[in-house]
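Model the full assembly from the supplied sequences, consistent with the hints where possible.
Residue numbers (my numbering), protein chains in the order written: chain X, 1 to 393; chain C, 1 to 299; chain A, 1 to 514.
A portion of the hints provided could be inaccurate.
To be verified - In silico DSBU-like cross-links for lysine-lysine, where the CA-CA straight-line distance does not exceed 30 angstroms: (1) C/K299 x A/K150; (2) A/K150 x A/K185; (3) C/K189 x C/K163; (4) A/K427 x C/K162; (5) C/K295 x C/K87; (6) C/K85 x C/K162; (7) A/K488 x C/K189; (8) C/K189 x C/K299; (9) C/K162 x C/K299; (10) C/K295 x A/K427; (11) C/K163 x C/K299; (12) C/K163 x A/K131; (13) A/K150 x A/K488; (14) A/K427 x A/K391; (15) C/K163 x A/K488; (16) A/K185 x A/K131; (17) C/K162 x C/K295; (18) A/K185 x A/K488.
If you are wondering where the hints come from, they were derived from the structure by calculation, not from laboratory data.
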Amino acid sequence: MNATLRRFKQPALVAVIAIAGLWLVFNLIAFAFAEAPLATLARAWGGTWGTPYGIGQVLFKATPLIFTGYAFHIAQRAGLFNIGAEGQLAAASLCGGAFAAQLPASTPMPLALLSALLVGAIVGALVALPPAVMRARLGVHEVITAIMMNRIVDVLVPFTVATVLGASSLRTADVVSGATLPRLDKVFVSLSGSAASAAFPLAVALVVALYFWLGRSRPGREMQWIGKSAEACRAEGISVRNRLILAMLLSGAFAGLGMSATVLGYKGYFEVGLGSGAGFAGIAVALLGRGHPIGIVLAALFFGTLEQAGLAINARVPKEAMTVLEAVAIVLVSAAGRVSISNTEQPANSASNEGDSSKSEAQGGGPDGPEKGSTRQSPKTKPDTEFAEVTPS
Amino acid sequence: MSGVFSLTMVAESLRISAPYVCAAMGGIWAEKSGVVQIGLEGVLLTSAFASVAAAAATQSAVIGLLTGVCAGALLSLGHALLVEKAKVHAMVSGIALNLLAYAGTRLALRGLYDSASNSPAIEGFRFGPVGASGGALLGRVFADPVTLVAILMAVATPWLLKKTRFGLRVRAAGENPDALSAVGASVTKIRSYALLLSGVACGLGGVHLAFDQHRFESGMSNGRGFIALAAVVVSGWRAGYAVLACLAFGALEALQIVLQDDLRKSRGGDLIQLLPYVATLLVLAVAAGKSNAPKALGK
Amino acid sequence: MGERGPVIECSDVTMRFARTLALDGASAVFSPGEIHAVVGENGAGKSTLLKLAAGSLAPTSGSVAVGGERLRPATPAEAARRRVLMVHQHFMLVGAFTALENLMLGNEPVQQGGVLNEARARREVTALAEKTGLTVPFDTVADALGVGDKQRLEILRVLYRGALAILLDEPTAVLTPLEADELYKVLRSLADEGRTVVIVTHRLDEVVRFADRVTVMRRGRTVLTRPLDRASNAASTEDLTRAIMGREPPPPFSPPDVESDAKMAIEIRALGFQDAAGVTRLRDITMSVRAGEIVGIAGVEGNGQRELVHAIAGLLPSCSGSIAVAGEPLPFDADEARAIAARRSVVRVVHEDRHTEGLLLDATVADNLVLGQLGTVSRDHEAEVVSRRVKSFGIVPADPSRLAGELSGGNQQKIVVARALDAFLSKGTQPGCAVVISQPTRGVDVGAAAAIHEAIGKAAAAGLGVLIVSADLAELRQLCHRLLVIRKGEIVAEFAPSASEETIGRAMLGAEAA
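Here's what the structure looks like:
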């Protein structure tokens, strides 16, 4: 079979299964609310890609998801599961917003903007620090600690807004004008009224830049190697601890930068709950986007579309319908593609299965056979067609 | 500072702890069998809603209770099948489960009751003495069938795990699934049953939550699933200690209620909510390295 | 018992994994009442054949019959129903369970309602243990048991599950010879009771001493089956060796001469190490390797070899004593990355298990060839370095973009050896630098093994001090100028390679074997 064709066959299959499943659920929900599915779909389309305003809103909704999605991916490359983007983003939004509000009103644009973004990134990284250090130094799994950090931020954010900042309306003061990101409708007039801001191109540019840096730089490559086998990296003198911490902090910082879309590009202040949900949705975006920057941007646009479509149909069918679709999409995509987060599982564990390490022969096979530790699926699972064409040396 | 050492305090602690204990037992069953379950929150929420919807429709608290528990069990079983059969990453399935429960219940609230926030009131169980005295509160706690089943569950879980064939196999599935399948047992089957039981336990917590408020409120689980998960981790995956951790977390929350007036002045009371999370982080930091986690958790 | 074991018949079975043909029309009949040994080189298909007989694998073609009836479905459960049970090479025990819980698992005696009847289980296994002599401390958790106890526990378990045919995959690989003899005594009594006993091993001496019948496998085929005549031990061993190899052995490798005034490469003085539990793993090790010299470390596995290699590599945080290479003292440091960086210019290490400690199986060959060396191999030269390493070490296929996991064990091993040696060989070394290679040819085919041996010879000729740790005594005797024997963390003896295996083996075992 043509190799290129094969490369696209599987994602295409996943897409078909996912779309079919989503359509089914969508129909069920529409019927439950006594609405015609096609009419509802038309309404959803009209509210999203059907009008320039809708497109702008989709871009706006997608922007934080690009940040949180790529943030999850950065950690995942190193074998870490950063479930903490939710808290990292919330804390970064609050601190970045509060900081930008405290700046002198005359602060020039580049300085105000950059410092606000920097504060967001640093706070995001700080929230990721305890899970990072506990994982790298003590071996405590990052998921449970990151969930705890999410909850802690969840309590601390409204508390801080109410007591420390003394605000009665659960929001911070307006950020100085130099720290706001311009709306895109200044350039593309037809987007007028939508909340899409320069945060969108910023997100795309940062993702692309980081993609190349991670793929080529020494820290980036070493992080990825650790994701494949920390043990081998340790034995070859790579500082696993430092790289793991770096990956988690980068991930937190990138998630924190998501505040650019909501605080700096949209509201101009932070209020409790602003941007919530983007952290968890980012995980889905990363899984759907398969770690490729284009994939992640497209996946973010897809989820952004669902969120915006929810608002468009809300009068007839509750917007939560689209969140249900998000959940279904996550499951379908993971199940259909068996989204391999194999990065998070150390190959070291996988070699143990049928009781064969390099000492024994079952997988070592004949003298020229591949010698790869199998995972829990026993060798009984049918031969991997991926390799079927490769002629043994 | 009245009331810290009162019957009211005891009663409130028990009442508040009950859903935590249920959810934590759900966590124990899931994780002891080797399946990571961060979807306890979603199970709580779903079963709370299902129990209210069924109770409201049939005017029967018993049917509500059963429906709620069944909903939790089914959701939990779905998680098991996704993880074991479809090889979906357990964390991903858990996140999807939470998202689905949150949005699904809100969707259903709108659909069934045309409300964005809560269901109409239901009767639930009303047994035991009336009145606002501490003794009456305590009496009501112990007269509540849901609480009684929860207590039974808390007592039975460690015993079942330790003393029965099923418990032995569940623990084996969590410690070394290869060893279990080597003796001819199906790891998928054992984990599915364990998750079913996990859903029953956690679902009971959801029912308690809803019946206690006599209605469903959007997002009413309010992080309890995560606190229960914290209790499981802090206890080192030991059912008995997890119950104690839940009682402690419940007592902390009761303290907030009992001391409400004093605390409201300072607002510092909100910070008490941090304690379970901070305690979990500290325990993990101190106990790192001698983890009691099932060896094959998540594999 | 009195029941006789079933006849297990594998007829013309073929087993294909992904790209590998593990079995290629193998046939064997295992009969009750005898100990049947299956021998062969690594990768000959011994374990695969055993797994087919036990239902752990289903053959791609051909058939497996138990008691004259085809094994269908080919599952372990069905095999167990026909009373055929397997003891896996790697223990299938739940580490956190007590021995008794492990014994019960899968075959739990229960009262009503599924409640475990622990008392009955204890009674039954105690009786079984007394009858067979397989005593195990029932209330100790499996993790705390020694390998001998674990092995006995595994066998006791298959008996408790009612095995009439017992298939054992390399059960003696982890045992001391004394324990192995004990094990064979038990197997003998089981066979005498009429059970079917099949054992995979690569220790030919055991085969000729204890087995009734032997099947030799080579490249997925069964090439020879015959009864053993215990009267003519020596002749049997030689015949078997020839059958296993399938040809005359390759011309022996001979190490290059060491110059008499060669300077010291590795100098270890009074090295000691205690693990986290306070157990002494290395005790007062003093030894040296000169430039151009190849020194072998022999010993029963788990006697401190791993720790010694790790100490030199910089993976042990705190040791007493000192190690110097090329005159430079090597620091011990809790920060492993720093410790390894300090060693990089003078010593490189190849660890024993290439799957866990050597390779990223899901990464490309190119990445694997420069793993950990991004600090020294610059980006501009990386492609050049990679292609040189592929070429000079004969890695096949010569495509660096291939995933390491797709390569054969031999070529994977070439990657890790290339990574360690190339930096020294390509630049021309300052004399006295060193390489440490643990299990250089484990699970590697003959061709790759010869290539690796040649590379080791080249390294020595270039003036590197080479330290080899291997479980394969024959390999060490062939490769090395000198052999040191390590036992319980101490160097207990030194031999010339011409010393007999028996003599060296006795030193490995210490007083027990005397």
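Checked hints:
1. The hinted pair formed by C/K299 and A/K150 meets the criterion: a straight-line CA distance of about 24 angstroms does not exceed 30 angstroms.
2. Of the pairs offered as hints, the one joining A/K150 and A/K185 holds, with about 17 angstroms between alpha carbons and a cut-off of 30 angstroms not exceeded.
3. Straight-line distance between C-alpha atoms of C/K189 and C/K163 comes to about 19 angstroms, which keeps the hinted pair within the 30 angstroms bound.
4. Note on A/K427 and C/K162: the hinted pairing is violated, with a Cα-Cα distance of about 63 angstroms set against a maximum of 30 angstroms.
5. Taken as a hint, the C/K295 and C/K87 pair is honoured in the structure, with Cα atoms around 19 angstroms apart against an allowance of 30 angstroms.
6. With a C-alpha separation of about 27 angstroms, the suggested pairing of C/K85 with C/K162 holds against the 30 angstroms cut-off.
7. For the proposed pair A/K488 and C/K189, the alpha carbon gap of about 45 angstroms is over 30 angstroms, so the pair is violated.
8. Of the supplied pair hints, the one linking C/K189 and C/K299 holds, its CA atoms being roughly 15 angstroms apart against a limit of 30 angstroms.
9. The straight-line distance between the Cα atoms of C/K162 and C/K299 is roughly 22 angstroms, inside the 30 angstroms bound, and the hint therefore holds.
10. Restraint check for C/K295 and A/K427: not satisfied, since their Cα atoms lie roughly 46 angstroms apart, outside the 30 angstroms limit.
11. A C-alpha spacing of about 25 angstroms is found between C/K163 and C/K299, which places the hinted pair at or below 30 angstroms, so the restraint holds.
12. Simply put, C/K163 and A/K131 have alpha-carbon atoms about 28 angstroms apart, close enough for the 30 angstroms limit, and the pair holds.
13. With a C-alpha separation of about 20 angstroms, the suggested pair A/K150 and A/K488 falls inside the 30 angstroms cut-off, and the hint holds.
14. Between A/K427 and A/K391, the direct Cα distance comes to roughly 16 angstroms. Compliance with the 30 angstroms bound is thereby established for this hinted pair.
15. Distance check on the hinted pair: C/K163 and A/K488 sit about 41 angstroms apart at the alpha-carbon level, beyond 30 angstroms; violated.
16. For the suggested pair A/K185 and A/K131, the alpha carbons sit about 13 angstroms apart, so the restraint of at most 30 angstroms is met.
17. For the proposed pair C/K162 and C/K295, the alpha carbon gap of about 17 angstroms is at most 30 angstroms, so the pair holds.
18. For the hint pairing A/K185 with A/K488, the CA-to-CA distance comes to about 27 angstroms; that is within 30 angstroms, so the pair holds.
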